[in-house]
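Trainee: Each chain, letter by letter, is given below.
Protein chains: 2
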Amino acid sequence: MFLKPRMGSGSLPGAVRLNTPSQSHFLRPDARASPPKPGESSNSAIPVRQILHLIDHLVYKQKMSSTDAPTPGRRRGRPRKPPGDQTARQELIRTGLEYLTERGYCAVAVDEILRAAGVPKGSFYYHFDSKEDFGGALIGAYNEFFSSKLRTWFQRADLSPLDRLRGFISDAEKGMEKHAFRRGCLVGNLGQEMAALPPGFRSLLSSALSDWQHLTEACLLEAQNQGEIGKHHKPDALAAFFWIGWEGAVLRAKLEQSPDPLRQFAAGFFALTSN
Amino acid sequence: MFLKPRMGSGSLPGAVRLNTPSQSHFLRPDARASPPKPGESSNSAIPVRQILHLIDHLVYKQKMSSTDAPTPGRRRGRPRKPPGDQTARQELIRTGLEYLTERGYCAVAVDEILRAAGVPKGSFYYHFDSKEDFGGALIGAYNEFFSSKLRTWFQRADLSPLDRLRGFISDAEKGMEKHAFRRGCLVGNLGQEMAALPPGFRSLLSSALSDWQHLTEACLLEAQNQGEIGKHHKPDALAAFFWIGWEGAVLRAKLEQSPDPLRQFAAGFFALTSN
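Line by line, the protein sequences give chains A and B.
Start counting the first sequence at 162; every next residue gets the next number (this note's numbering).
Start counting the second sequence at 162; every next residue gets the next number (this note's numbering).
The set of hints was computed from the structure by calculation and includes no laboratory data.
Heads up, a few of these hints could be off.
Stated by the list, open to error - To spell it out: a stretch of chain B is covered by chain A in this simulated footprint if at least three of its residues, at any positions, have a beta carbon under 8 Å from a beta carbon of chain A; those stretches are:
no., segment
1, 341-354
2, 409-417
Unchecked claim - Some residues of chain B that are not near chain A, with every Cβ distance over 12 Å (derived):
no., residue
3, D246
4, T248
5, E263
6, Y287
7, S291
8, E293
9, N304
10, S309
11, G336
12, D372
13, H375
14, A379
15, F426
By construction, the Cβ of each residue, glycine as well, lies at the ideal position given by its N, Cα and C atoms.
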C-alpha cells in the first residue's frame, strides 16, 4: 500500500535538522519522576475503604503470624494450606491482566478484581502488600508471557525470519480481535499513565520493552544474514523503530476498534525493511 | 541512522501474509463501546463527594434560574456578570489540558483542577454539566490548538514541505522537554484509556487524529509534487503511518523521559519517505 510503481525519486534537502541519538536509550532504568504530592491524589473522598483495607490487612497478617508460625508445641502433620494459595494468586494475576490491559491502572480498583476473580481480600493481602505491589507483579507476568510468545514465533524454523515477525503481528491482531479491540498492551497502557503511577513502574515497563526489542533485534539480524533485509540497515535501530511504532498501532487499533492501524503500521515497517 | 552504506538488497518471501485495508479507517465516528456497568465504577467508596457535588450543582442551578432569568419586572441596566465568566472557562480549559496531558482522564479529579485553577465549583458547573462534558470540551480545545500548530508549520513558505514536518517534530520535542517529558498528547492519553472513558469520547478522539492526518497528508502531497518524496508513495498512507507511529513515539518519550524515541521514529519515517 505504500509503494506504487516507481516513477521518480525524492531528494531530501533539510533546513530543519533533527539530531539522532548516538546510542540506544532502552536500558535506562532510572526513575526521575517525583512521587505524587499529597494534594494530587486522584481520590480525595473520605478514604473509608482504604482504612478498612488497612485494618483488614493488619488483622489478617497478625492472625497469620500467630497461627501459622512454627511453634515448639505445635503438633506434627501437613501444614495448613494458607488462605492465599497459588491458585488464588494465579487467578488474581489472570484477572488483573484482563482488567489492566483493558482500562489501565488508575481506572481499576482492587475490589473489582477481587470480585471478578472470586478471591477474598485476605488472600489478596497474603500475596501482595498493596495495589502497587500487585501492579508490579502484573507487569512482570505480562513481560514473561509476551517474551515467551515472541520467542515461540522467532524460533519457528519453518518460517523465514521476517515471516516470523509477520506471524507475531497476525497473532497479535487475532488476539485484539478476540476481545473486540478492548484490550491493548499492558505496557503501552501503563506507559501512557506513567505520570500517575508509582515511580518504580517506570523501570519495569522500560525493561519489558527492552526485552521485546532485543528479541526482535535478533530476529531482524537473522533476516539480514539470510538476505531478507539489506546490509545497510541496522537491526537494533529497526527493532527500536518497530516497538516505538507498534505501541502506537495498538493504541490506535483500540481507539478505532479495528485491525487497520496494526496492518498499516506493519505495511510501512516492511516497506522500510525492503528498501 | 537507519541507512548504512548500501551493500545489498533484501527479498521478501512471505508465508504469512497480512491483509492491508482497502480504504482509510479514520472516519468511523461510531462508538460501539457499551456504557460502564453499575458495578464497574472505579470508585466504589462512599460517594460523599459526589453527593456534595450534586447538591452544590442543583442549588447553584436553582439559584441561577431564579435570579438570572429575565423577568418582566426586572429593572434595566447592565446584566450581572455570571459567576462563571469566560476567563474562568479559559482557565479551567488551560488547567484541565495541563493535568490531562500529564495523567489522563481517569486519574484526575475535577476538584484538583478547580483547586489548581483557583475557580469555584459553581463556576465549573456554570460552564460544564459534568466531568464528561468538560472532557469533551478539552478534546475540542486540544484539537483546535494542535491543528493550528500544524497549520502554522505546514504554511511555512520558507521551508520545503518535508522540512515543515521536521519543524513540527522539533517543536513537539521542545514542548515535551520543557515539561520534563511528563506531558504527552491528550489524544494519545485518552485513546489509551478508551475502555474506561465515556463512549462519546471515541469519535472526538478519532476525529482529532483524522484532522491532523489530513493536514499532514496535504503537506506530504506537496512534498511529492516538489520531488521530495517519490511518486510511488501514497501521501494518505504515509500520513496515516506517521500518526499511528507518532503517538507511540510520544508515549515512549514519556516513559523513557527522553527525546530519543521521537528522533528514532522521525529517522525511520524519513528513511521510508526517501526510498
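Trainee: Of all the hints numbered above, which does this structure not satisfy? Sort the numbers upward.
Mentor: 5 and 15
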